[in-house]
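Participant: Read off the chains here:
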Amino acid sequence: MTLPTLVVNQAHVKHRLAVDGPLRAPAGSITALLGPNGAGKSTLLKALAGIEGAALDARLGDRQLAGLPALERHRVMHYLPQLGRGGARLSVHEAVLLSLKTLSPGRVSAQDLARVREALASLHLLPLAQHSLDRLSGGQYQRVAIAQAMVRRPEALLLDEPTSALDLHQQLRVLEWLRREADQGRTVLVALHDLNLAARFADHCWLLKQGRCLHAGPARECLVREHLEPLFEIHLNVQQDAGGTTFQPLAVRQVAPRE
Amino acid sequence: MTADAAPLAPPATLADFRRHERRRRRWLWAGGAVLLLAGLADLLVGPGHYAYREVLLALWRPAEADPVLRITLWQIRLPTVLLAALSGAGLAVAGAQMQTVLDNPLADPFTLGLASAASFGAALAVVGGIALLPLEGALGAAGNAFVFSLLAALMVQLLGQRRGTSLEVLVLLGIATMFTFNALLGLLQYVASPDALQQLVFWTLGSLSRATPLKLAMIALVLVACLAVSQRLGWQLSALRLGDTQARAMGVRAARLRLGMLAAMALLTAVVVAAVGTIGFVGLVAPHMARLLVGDAQRHFLPLSALLGASLMCLADLVSKSALPGVVLPVGIITALTGLPIFFLLILRHRRLS
Numbered sequence: 003m004t005l006p007t008l009v010v011n012q013a014h015v016k017h018r019l020a021v022d023g024p025l026r027a028p029a030g031s032i033t034a035l036l037g038p039n040g041a042g043k044s045t046l047l048k049a050l051a052g053i054e055g056a057a058l059d060a061r062l063g064d065r066q067l068a069g070l071p072a073l074e075r076h077r078v079m080h081y082l083p084q085l086g087r088g089g090a091r092l093s094v095h096e097a098v099l100l101s102l103k104t105l106s107p108g109r110v111s112a113q114d115l116a117r118v119r120e121a122l123a124s125l126h127l128l129p130l131a132q133h134s135l136d137r138l139s140g141g142q143y144q145r146v147a148i149a150q151a152m153v154r155r156p157e158a159l160l161l162d163e164p165t166s167a168l169d170l171h172q173q174l175r176v177l178e179w180l181r182r183e184a185d186q187g188r189t190v191l192v193a194l195h196d197l198n199l200a201a202r203f204a205d206h207c208w209l210l211k212q213g214r215c216l217h218a219g220p221a222r223e224c225l226v227r228e229h230l231e232p233l234f235e236i237h238l239n240v241q242q243d244a245g246g247t248t249f250q251p252l253a254v255r256q257v258a259p260r261e
Numbered sequence: 003m004t005a006d007a008a009p010l011a012p013p014a015t016l017a018d019f020r021r022h023e024r025r026r027r028r029w030l031w032a033g034g035a036v037l038l039l040a041g042l043a044d045l046l047v048g049p050g051h052y053a054y055r056e057v058l059l060a061l062w063r064p065a066e067a068d069p070v071l072r073i074t075l076w077q078i079r080l081p082t083v084l085l086a087a088l089s090g091a092g093l094a095v096a097g098a099q100m101q102t103v104l105d106n107p108l109a110d111p112f113t114l115g116l117a118s119a120a121s122f123g124a125a126l127a128v129v130g131g132i133a134l135l136p137l138e139g140a141l142g143a144a145g146n147a148f149v150f151s152l153l154a155a156l157m158v159q160l161l162g163q164r165r166g167t168s169l170e171v172l173v174l175l176g177i178a179t180m181f182t183f184n185a186l187l188g189l190l191q192y193v194a195s196p197d198a199l200q201q202l203v204f205w206t207l208g209s210l211s212r213a214t215p216l217k218l219a220m221i222a223l224v225l226v227a228c229l230a231v232s233q234r235l236g237w238q239l240s241a242l243r244l245g246d247t248q249a250r251a252m253g254v255r256a257a258r259l260r261l262g263m264l265a266a267m268a269l270l271t272a273v274v275v276a277a278v279g280t281i282g283f284v285g286l287v288a289p290h291m292a293r294l295l296v297g298d299a300q301r302h303f304l305p306l307s308a309l310l311g312a313s314l315m316c317l318a319d320l321v322s323k324s325a326l327p328g329v330v331l332p333v334g335i336i337t338a339l340t341g342l343p344i345f346f347l348l349i350l351r352h353r354r355l356s
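Chains A and B, in that order, are what the protein sequence lines are.
Per my numbering, residue 3 is the first one in the first sequence, and the count goes up by one each step.
Per my numbering, residue 3 is the first one in the second sequence, and the count goes up by one each step.
Keep in mind that the hints were calculated from the coordinates and are not lab data.
Since this is a predicted model, take the numbers as computed values, not measurements.
Among the hints, a few may not be true.
Label-pair distances were calculated between CB atoms; the ranges are [as the list claims (entries may be wrong)]:
| # | chain 1 | residue 1 | chain 2 | residue 2 | range |
| --- | --- | --- | --- | --- | --- |
| 1 | B | R72 | A | A112 | 49 to 57 Å |
| 2 | A | L170 | B | R28 | 40 to 48 Å |
| 3 | B | A230 | A | A112 | 46 to 54 Å |
| 4 | A | A244 | B | S168 | 46 to 54 Å |
| 5 | B | A222 | A | G23 | 53 to 61 Å |
| 6 | B | Q163 | A | P38 | 23 to 31 Å |
| 7 | B | E56 | A | A116 | 56 to 64 Å |
| 8 | B | R28 | A | L73 | 31 to 39 Å |
| 9 | A | R202 | B | L174 | 43 to 51 Å |
| 10 | A | A116 | B | A178 | 49 to 57 Å |
Beta carbons are placed, not taken as given, at the ideal position from N, Cα and C, and that holds for glycine.
Looking at chain A on its own, in the form it has when it is part of the complex:
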């Protein structure tokens, strides 16, 4: 089976996004979406997932995304929103089960339960399975959200800052899970804030600013001072050593004119 690569040729949303490609997020690797706040990272992810209307020319393998029926599109791609918190009184097991059942409605089968169990187990959620969602911590809730995505077994996973509300331990775990998903041949496209996490885990990067893509390519080409300093308008200290590349933000590069 050939692994489907996500290629974005064009994604335009009025006033917010004007990305012209081709941008490639190869299957089996993690592609990081980097850029300052308001760069259009969420908008791009939502446009790809079909949640936000956009003039879109993007393909997953040989399928044109805009041409896919809605149901099929939500089956092959799954968008994970930024950490939301609901007050729903649903058990963790129920929440993951319903993520699967919105995909394939009908009676709950033994196969469904096995898939839910597998997703829960891989995110170490089995001990929490009967806990109510409204009692989970932020990190636990994020794990449930990822389990909800995994149980659907999408070909491409789109994640919107999955690490933003998490402590360091949870951040690393989330990215390790994403690495495992990528190793299974999925396309993983993830919006990140943390350059060091991106340097550690990303294979490819798309650099976004003011709704445009400034640069895209293999991570080691993108994550260099020449690209990152103008992207975030900061001075950076970049260190290369045996452990990899680390970034240390030093100062704001130019003060934005104030009114």
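With chain A's structure known, arrange chain B on it following the hints.
Facilitator: Just chain B now, with coordinates in the frame of chain A:
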């Protein structure tokens, strides 16, 4: 609460899952038993003061009973109890689904103004003889009620879509809607004939005293249809509880689902209000009780809400008959007096959480 805190293993097999489900479903059986008891109690008590044994006998063997008792029981008390149960279930289902699709714990047909709008519409048909839909009699009243409750629901939907509309603002809008239609109802009262005035009091206070087979059939039909549709869309409706974006990411057409459910609930509210007038808070309280017992999963939550709503209404009817000796109070007054404290409690609790 304790059941949720215990770290139970997730169901490993289909048999385990079924066992889990059965445990939840036991609450439904309990709800059914409560409804039976409440309905029976409601049946036994009432003007006429017959001995309970006599009433039970007349229920069991109508042919052998005293004719007056037979007529009282079969033509007055039984239809009233049925109307109480059906309208209570209808209001509870409408409240439950409005809370689900609007993600608003304070929502119900009464607090969002749908009930007042519907009751004005129904009164317009009964007092003014104006039917907006080509229907007559009780159907005309229900049709008018539907038109107005649908309008109120659309207003709720439009405002709810706007950014930054908090849950409280939505309820404020509901209260404003209520004031509006109460003022219009007052206008109708002012111009109404003394005979029609009597009827208007009925709409404003809520009453179970005018049960007819047509009204009962109408509520039952719409209720069953709403339950069936909700059952079919159960997973999607539960997904809405996770938040809008999350639900849409799962492929749920959130906006369409929300609008469709609101319209269905407007219809349910309309047929109930056209039959019994404005009865508040049953639709608010019953779903909260159900949620506390079985959580938000639709397949348990909705039927239990219906059963509890029906039970509450039967109990309210019972209280309305026995609170003051010799007087049957309008049942809407009973539900308002008992429901309002709970409404206050919900508002305060919500403020603390947010």
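Participant: Each hint needs a verdict: does it hold in this structure or not?
Facilitator: Now for the hints, and whether the structure bears them out:
no.: 1; hint: B:R72 - A:A112: 49 to 57 Å; result: holds, 54 Å
no.: 2; hint: A:L170 - B:R28: 40 to 48 Å; result: holds, 44 Å
no.: 3; hint: B:A230 - A:A112: 46 to 54 Å; result: violated, 26 Å
no.: 4; hint: A:A244 - B:S168: 46 to 54 Å; result: holds, 53 Å
no.: 5; hint: B:A222 - A:G23: 53 to 61 Å; result: holds, 58 Å
no.: 6; hint: B:Q163 - A:P38: 23 to 31 Å; result: holds, 29 Å
no.: 7; hint: B:E56 - A:A116: 56 to 64 Å; result: holds, 59 Å
no.: 8; hint: B:R28 - A:L73: 31 to 39 Å; result: holds, 36 Å
no.: 9; hint: A:R202 - B:L174: 43 to 51 Å; result: holds, 49 Å
no.: 10; hint: A:A116 - B:A178: 49 to 57 Å; result: holds, 52 Å
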